[in-house]
Structure formats: C-alpha cells, structure tokens
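S.K.: The residues making up each chain are set out below.
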Amino acid sequence: MQAKINLPDPSVIKEELINKYPAKVAKKRSKSIVINDPETIPEVQANVRTVPGIITQRGCSYAGCKGVVLGPTRDIVNITHGPIGCSFYSWLTRRNQTRPENPTDENYITYCFSTDMQEEHVVFGGEKKLKQAIQEAYDLFHPKAIAIFSTCPVGLIGDDVHAAAREMKEKLGDCNVFGFSCEGYRGVSQSAGHHIANNGVFKHMVGNNNEVKPGKFKLNLLGEYNIGGDAFEIERLFEKCGITLVASFSGNSTVGAIENAHTADLNVILCHRSINYMGDMMETKYGIPWMKVNFVGAESSAKSLRKIAEYFGDAELKARVEEVIAEEMPKVKAIIDEIRPRTEGKTAMLFVGGSRAHHYQDLFSELGMTTLAAGYEFAHRDDYEGREVLPNIKIDADSKNIEELKVSADPELYNPRKSEAELEELKAKGLEINGYEGMMKQMVKKSLVVDDVSHYESEKLIELYKPDIFCAGIKEKYVVQKMGVPLKQLHSYDYGGPYTGFEGAVNFYKDIDRMVNNPVWKLIKAPWEKEGAGSLEATYVA
Amino acid sequence: MEREGLTINPAKTCQPIGAMYAALGIHGCLPHSHGSQGCCSYHRSTLTRHYKEPVMAATSSFTEGASVFGGQANLLQSVETIFSVYDPEVIAVHSTCLSETIGDDLQQITKKASDDGKIPEGKYVIYASTPSFVGSHVTGYANMVTGMAEQFAVSTGEKKDQVNIVAGWMEPSDMREIKDIAKVMGAKIVLFPDTSDVLDAPQTGKHEFYPKGGVTIDALRSTGDSKATVALGCMSAEPAAIALEKKCKVPFETVEIPIGLSATDRFIMALSKAAGVSVPAEITADRGRLVDVMADMEQYFHGKKVALFGDPDQLIPLVEFLLDLGMKPMHIVSGTPGLRFDKRMKEILERAPYANFKLGMGADMFLLHQWIKNEPVDLLIGNTYGKYIARDEDIPFVRFGFPILDRIGHSYFASVGYKGGLRILEKILGVLQDRQDRDALEEKFELVM
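Heads up: the sequence lines are chains A and B, in that order.
Going letter by letter, the first sequence gives residues 176 to 717 in the numbering used here.
Going letter by letter, the second sequence gives residues 296 to 744 in the numbering used here.
Keep in mind the hints are simulated off the structure, nothing from the lab.
Each residue gets a CB set at the ideal place from its N, CA and C atoms; glycine is no exception.
Accuracy of the hints is not assured; some may be wrong.
[As the list claims (entries may be wrong)] Over 12 Å on every C-beta distance to chain A, these chain B residues come out as not near it, computed from the model:
id, residue
1, 400
2, 480
3, 517
4, 557
5, 644
6, 671
7, 733
[As the list claims (entries may be wrong)] Listed below are the simulated DSBU-like cross-link pairs for lysine-lysine, each with C-alpha atoms no more than 35 Å apart in a straight line:
id, chain 1, residue 1, chain 2, residue 2
8, B, 507, A, 199
9, B, 501, A, 705
10, B, 347, A, 685
11, B, 501, A, 697
12, B, 501, A, 685
Throw the hints in and build the complete structure from the sequences for me.
M.R.: Laid out in structure tokens, this is it:
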C-alpha cells in the first residue's frame, strides 16, 4: 500500500521518541515502536509490562473483566468485591446502551453494586460480607445471575470468591452466582481481564440452556459492547437481512441469550482482542466456527455481511444481503461525496483499544484520510501482525498467571457446523475461518506502529507529524486538544455514535468533518498575538 | 430493607482520587499512584471528565510479582523514570488498597529513593497514605493536604505577616474566589492546595505539562512561619491545620467552606481576625446583594423540600444555606464517615427536626431514592449520578459536588463566598421556576416572576 501523502523519515522519529528515556527504558520501548512494512510485517513487542512511572493509557484487569466484557449485559447483578472505588469508577462510564424488550424486564445497567470493603474486612477477611451482599442483592432484586468481581486486596487477603459463589448459588437455588478473580494487578493491562471474563462466561453461562429456538442463519456477535448504540445498528442490519442473532457478547445482551449461545451456527468476532478466547473455546466444545468481521466502515460492513452470507451459502440470503447493501449504500455515498472534499488528504493517528485502532482506519480511509501512526493500548502481537504469529509468541510470567481453560469437545453437543471439506471450500473463496490478519497489513509502508504509547511519545508524535486528528481516550482528550489538535474519543465516541454499519459510518463522517474543520481551531490566537499584529499601543498617541 | 453487606449506588468514592486531586494543586507536581495501573487510569479519567482538562499522573504499574514481593522496586523505578522523562518539581505519591494491603511503607521507600540518589537536588517526593478501604475520597484529599503541611512546612523562628488558608475540597473557581476575597480584604495568604490555573487552564495551542497555577513549594515551606491558619472544612482541611500547629505551632481556626450566607459570614470574620484586617465595604456590599436576592425571591424558596447527597464539607454549609432560605432539607446522605461531620450536621439539623440524615456505611443513593419515594421532594442537589433519580422521580435537579460529568461551569464559576451564593441561588431558582413554568396551566402561566 502506498501513502497518499509524504511521510517523514520514521527512523528519525523513532529516535526522537525514545531519546529522553533512561537507557534501559529506551531499549525496552524501542521494541514496541516499529516502522511498518505491510509486505514483511516486522515484530512488535506487545502485551508486556509498562515501565513504572511511565504515563500510560492502560488500565487494569478488573476494568477489562467487569468494565468491558461483563458490564454491558443488562440482567446480571455485577457486585464488585472490594473497597468502593473500583465499582464507582466503572459505574455507567462505558456507555453500554441496552434496550429491554419490555419495560418490566430486568435491567441493572444503571446500578452500582459493591461490598464497600473496610479495613476490618481486609484484616479479618471479607467473605462473610460478600455472602451477605449476595443475599441482599437477591432479596431485593431476585436476579437470574449475580457475578462477583475481585479487586486487588481480595486476592491478597485470600478471600475465596469462587467458594462463596458456589455456596450462595446452592443456597439461593434459582440464581446463577459466579465469581471472577480479576484483581487489578493480574496481567499487564485490561487484556488479562478480558481473558478471565471469557473463561468465566464460558464456564458458568454458555451452554446452560440447550433449547433450540426458531430462526434461520443463526449467529452470535462476539466482542460488540454496544457503546453508543453500535450493536443496535448491527442488529438492524441482521434483521433486515434475515439473519438471526442468538446472543451478543455482550452489548444489549441478556443472561438468557448468552446461556443459549451454543445453539448458533457461527460466531462473528468484532473485537478480536477481548473475545477471541470465546470463539476458540466454543469452536472446540461445540464445533461452531468463528469468523473475523468488521462493521466499522461502510465498505467493511458490506463486506462482512457478504462474508456471513457466503458462510451460510444460501442463495436467498446472498441475494437479500445484496439488496440490503444496495439499499443502504446510496445514502452513505451521498454523504461521503459531500464531505470527502473537506477531509481528503488529511491525516490521523489512532492509539486506542485492542481493535479500534485497526478498524477505524477503514472509516478514515473512506474519508480519504491517511493513518500516519497507530497502536493499541492493550493488544497482543496477533492483533498487530496477524494470528499466524500465535505459535511464536513467548508466554511470559504475567501471561502464565492467567488461566487457560482446558476445553474439549462436548460428548453430546459437539456438532461441527461445517465439515473439513466445506471449510476448505470457504477458505478457497477467501473466507478466513478462525483467523485474523491484524492491523499492520492494512497500514501504509513507513507508517509507525507503537504499542502502549506513553504520554511523552504521544506529544512527540503530534509535534513531529502534526496530524489533523488524534484518536484515543478520555485521559488524552484534553491534552491533545490543548495542543490545538482535535481528539476523537474512540472509547466513548465523545458521547456520539453509533459508528457501526451504514448509519454509523455516516455519523462518523459527519463528526470527523465537524472536528477537523471546526472554526475553533483557528481562533486560538488572540488578534494581538498573531504575527504581524504589531503594537496596538501606539495607534492613538496624541 | 436494612442492608449490611451491599452498597448500592454509592455516595462516595475512594481515598486515592482525593489525594490525586489535592496533589494537582501544587505547582510543578506530578501525582503518583502507588498501585495497579487501573487506579491511576480510573482517577485520571474521572477527574478529566469532571474538569474537561488534562490530568497528568503516573502509576507504579503493579503486576502480580510486585503484589507478592512488595512494590518498592516499582516505586524506585517510577521515581527515576518520572524525574528523567517528566521532570516535575515534586512527585506526590499516594498509596492504594493494594500497596497498603501488602504493607508497603511509603516513608521508608521515599527515604530509600533519596538515599539512593534517585531524587535530584532541589526536587522532592512527598507521600500520603490513602488506602481505599478507609474513609473516602474526602479523607484521601485531607491526607495528601496534611502530607503537604507535614513534609514541606518549616518553622524558621521568624514569623511572616501571612495567614495560611487550607482549602477544603473545592473547585478551582472556588479557590480563585477565596484568593480574590483575601485580596479585597488586604489579607496576605498562602492558599493550599490551589488548583486554579491548573484545572481551568486556557487554550493556547500548547499543552503545559505543569500549568502556571498551584501553590509553590516555597510558599508551602513558608506556611510554618505564618501567624495563623484558617482551615476550610472540618473533614478535608482541618487535619492539615492540626499538623501545622503540631509541627510549627501555627494556631488555627476551622470554619466551614464558605458556601451560602452564614458560612461565608464566619469565614470573613475568621480571616479578618487571623489576618488582622477589617472587612472592607466591598465585601459588605457583596453580602448585601446576596441577602437582597434572598429577600426578593423568598417566595420561591419557602417550604420547598430538598434531598441532597454529597460530601461533608459541602453538605454542612449548603444545608445551613437552604435553611436560611426557608427551604426544608428532607433527606441527606453522604458515604463519607466522620464524627465531626455527624456532630456538626446534627447541630445544624436542630432547625430541621423532620430531616433524614445518614452518613458512612449504608448511606448510599439507593437509600436516598427510597427516602424520596416515601416522602417526595421538590428539588434534588448532588453530583451527576443524581440525574437518574431526578429523571425517575421527575424532580428538578441542581448539580453540585463531585463528580459533575455532564455539565460545565463548576470549574469557572465559584460557589463560595457571597458571589458564589448568588450563583447557587440562580441555579436553584432556575430549575424551580422552569418547573413552575413547565407545569403551569395556560391561564396560570406567569410573565413576571
């Protein structure tokens, strides 16, 4: 791929990024800052510890487990076991929208539940308080499920949340209670929490209800958390195409749907980083293949719908998908034709997530904008370089601490949805099953790829490249904007969205147009500060 | 239903975020969270959402190894990295539930950092113990402010003609207003911490990593020579005043954060006394303007029932202000525990024997909501999370406290002093009168109000 604009010499820039660091830190960081070549993908150091003292974007395992994966499902009572802070900060801050089918349906999204652990519990143990909290939550709400999330001190004092969960599940009888050992210190980022969440949801929820519900072309949507209503737009498209969504993991989802997920015939994965474990485990246990899709970007959405139709191989579905695309695209085209002249040739940087920094490049490219540099906050090498590097990834001490579930084919429920021959045939048609090619193949030569970018590096990158827009999260938002560069939040979408599908693409084009062409960026300097303003004082000298 | 195990919709958060906020009020300071990355990330995110401003802070990035073997190596490495990359004047370290549970001793580790030569000449590392399983964000703030006093204040034996004002948890706008009031009164003060010009920095096209505001280290050192201290708030400010008295024998008086008429009166008198200055006519005129509006608009306040949630040092003077306005504070919760808080609030509530008041464990917004359902109110005052109750119960809502995530204004327009009182009145009147207009029958829809 060729860049549309002239990129500065990336090796010089790389040097600038690390030369202020102490020698050891510089050495470590240099392995996470690589110059891209889509033809021969270089190795990126990823999923390793952040150097203490470096201002990082990263969060913790609890944030990945409770905040990201479990938080969006509306009818689980999520109890944080620990001091009050963790539950408070993860309370409604991720914009997981949810739409109960009936007004009386359970919905705990707006609630925050905590055991509010005190010093006495840290000294004498908090299990008793936890069990009491579970009982009280049950008495008040009678939920279908209660999940418990361990925060840092819980693991250290040795509270056994799993035993407490088992005991309460048995005692309550009609409520599924399960725990997650997602203490903040586990792993090196949110990523550990995703894995822990996948394990728990797989062990305690998936497969609980074998009822095969009616519907054609049944699939699960994995790694879609319905931020800003993204899942609603995908649901709309599925419905229009006649595709049956069994369960979402986990935006706008329910306990019932997830328990029934293994009756689907395909898993489509959006956020590879946070949910690929689930895809693999369901494939092994139930024989459901997974396929990487992307509903960020109009072209990508069309492509993903076609891939799904191809997988099911049904002529009627394929025709319907084409009809839907033909119906949706003109609206998108009309908007992009209007906007693109104002965005063409502009540049972007994306440092966010474990998936978004890849997929949002599609939308920028639809706007005619080049991605100069990108990187993830908590991804692994496979998210950069593609899953083919999986066998070569070194398992370090931090990853070893995260449980790998031993999964085998279910003696009764294992049912390969596609035969080996059929899978081969799909592959021949270009359908990558159980695969993901990563971010870097899509990025231009000489662009920079930076894993776990630090605050210092971000500021340097902006100084050196002067991008027209920078994409990251809330912590970076106003830092970057103070530099006179608009920042698009790709965790919260700056409270806009949805950005998926065709309607989402239109929303994004409009937002980016508004941001990069906003008059405010030209108003920063006062008239008297501008070059050539001269001295105002002398004008009216008598 | 009485709950003992479960907190639902808390009216507090944890100590470290208070310590981080306080540390931002020192000029050239980088707050540092000694714990897992998540703590630092969550605190920075919450403060950023509240201020719409950069909030810089670093973390010890604990992993499982550090949690088992102790976090000393992580903190030492942090100190080295921070001074070489971010070059602050001072690093203000606060602990977390994680580092406290494993027993890391911040005093010992910072001493080791110093002994090992990791702290450059003329630079500082201060610390505060803020385990999340004790107190709340309010006490965390107090602990860091106390740390500033204990670790910086020096008594040279030569008294200075200045008064310390320990800022309780206030907005940058409020801190600016306190400094303005002192200036008008001709009182020389050292205000600490001071987040004005830090968390309300102007757009210049350049990111100032250390914005121009914040109390300087020289000023903090000089607090030991001040002739007196006025602490604003028994929970968030007094502990630092006590520390100064102990270390440097600076006498202190604690008054409330000057929210509303009576608390501002007491603050003005305390400052006048401590600084040895008289109250100028300008201040009396400001007061007069506030009383004037209270008198002119009394009909809209009188008898209106109010539910509130928030933090001790704001709630105490605010409830008193509501009573001065003839309003009825019906339900009050705060997740922050504290004997002084309890005692003072109960004193004020002697004027409101009907009020429900609960603090500490179990005093959460779920309880408040139940109280409101049992006895409805005309107005809800609290942080952004109140919007869910306000919407459910269709109650006019004034945002006040921390955090405010969905509106701006708090960082720019003060709520303290007489002028701040006017702003509070304007906000309360705004929602009450909008409600009256919305609900009025066509023939009762008033032009003049």
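S.K.: Next, verify each hint and record whether it holds.
M.R.: The hints, checked one at a time:
Remark: the non-interface label on residue 400 of chain B is consistent with the geometry, its nearest Cβ contact in chain A lying 16 Å away (cut-off 12 Å). Residue placement check: residue 480 of chain B keeps its beta carbon more than 12 Å from all beta carbons of chain A (closest about 32 Å). In this structure residue 517 of chain B is separated from chain A by more than 12 Å, as the shortest Cβ-Cβ distance comes to about 30 Å. With a least CB separation of 32 Å from chain A, residue 557 of chain B remains clear of the 12 Å interface cut-off, as annotated.
Listed as a non-interface residue, residue 644 of chain B keeps its Cβ farther than 12 Å from every Cβ of chain A; the least gap is roughly 25 Å. With a least beta-carbon separation of about 20 Å from chain A, residue 671 of chain B lies farther than 12 Å from that chain, consistent with its non-interface assignment. Under the 12 Å C-beta cut-off, the non-interface status given to residue 733 of chain B relative to chain A holds; the minimum distance is some 24 Å. For the hint pairing residue 507 of chain B with residue 199 of chain A, the CA-to-CA distance comes to about 32 Å; that is within 35 Å, so the pair holds.
Annotation: proposed proximity of residue 501 of chain B to residue 705 of chain A holds, straight-line Cα distance about 15 Å (limit 35 Å). A hinted pair counts as satisfied when its Cα atoms are at most 35 Å apart, and residue 347 of chain B with residue 685 of chain A qualifies at roughly 23 Å. This hinted pair checks out: residue 501 of chain B and residue 697 of chain A have alpha carbons roughly 14 Å apart, not beyond 35 Å. For the given pair, residue 501 of chain B sits about 27 Å from residue 685 of chain A by alpha-carbon distance, which is consistent with the 35 Å threshold.
The structure meets every hint from the earlier list without exception.
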